[in-house]
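Q: Those sequence lines, one after another, are chains R and D. Its first residue numbered -8, the first sequence is counted upward by one per residue in my numbering. Its first residue numbered 196, the second sequence is counted upward by one per residue in my numbering.
Derived from the structure by calculation, the hints contain no laboratory data. A hint or two may mislead.
Label pairs and their calculated CB-CB ranges [as the list claims (entries may be wrong)]:
#	chain 1	residue 1	chain 2	residue 2	range
1	R	Y21	D	L291	16 to 26 Å
2	R	S5	D	L234	37 to 47 Å
3	R	A8	D	E215	43 to 53 Å
Beta carbons: idealized from backbone N, C-alpha and C, even for Gly.
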Amino acid sequence: GNSVTQMEGPVTLSEEAFLTINCTYTATGYPSLFWYVQYPGEGLQLLLKATKADDKGSNKGFEATYRKETTSFHLEKGSVQVSDSAVYFCALSGGGTSYGKLTFGQGTILTVHP
Amino acid sequence: GAGVSQSPSNKVTEKGKDVELRCDPISGHTALYWYRQSLGQGLEFLIYFQGNSAPDKSGLPSDRFSAERTGGSVSTLTIQRTQQEDSAVYLCASSLGANDFNEQFFGPGTRLTVL
Chain R
-8 GNSVTQMEGP VTLSEEAFLT INCTYTATGY PSLFWYVQYP GEGLQLLLKA
42 TKADDKGSNK GFEATYRKET TSFHLEKGSV QVSDSAVYFC ALSGGGTSYG
92 KLTFGQGTIL TVHP
Chain D
196 GAGVSQSPSN KVTEKGKDVE LRCDPISGHT ALYWYRQSLG QGLEFLIYFQ
246 GNSAPDKSGL PSDRFSAERT GGSVSTLTIQ RTQQEDSAVY LCASSLGAND
296 FNEQFFGPGT RLTVL
């Protein structure tokens, strides 16, 4: 079955540091890949997505590239801000008959200090 | 416009009682999903509805869990004879259609505590 593995957290960074959160996946067919974010006290929301190999999703300074050869979708940001503190979830929606249901990684807590 | 709404926001119940959780999706969204977020299991899929098609119940953890969607809009998740391991945040999401590309919009969740 489908699965997503994220790097263990929590991650603590200083403002303006470079961020990488690793994500690898196992899936049949050609899944779509997503990063969702959960800010403190808020609901889960889509950060970015990529629907085919070599696509790059980007939003709010975050980027992730769909790498089929390494089955990865690592999240990066060149300069984090305090407001980026949140829980980040990598997810996939598998091909075939998955009908959009998401398989999530375990989540990575990011804390950014001034 | 309004997002996905869920009620109640918090529910505390005693072991063995039944509970109903409600989800009101975004108007016009034909696909509706239920997920559960718990410390031990992370975020896991429970059930999904698409239009008038039969729901995909493959993620329901036991036959104590059921869900329905009336009129293609509001959905209710029912947990019978609740157990302490049912304690979690139950999330509802909706999207324009049930495929692998559409963004899912999540509600704020219902935090269920079973004493």
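Q: Under the constraints set out in the numbered hints, which ones does this structure not fulfil?
A: Structure breaks hint 2 only.
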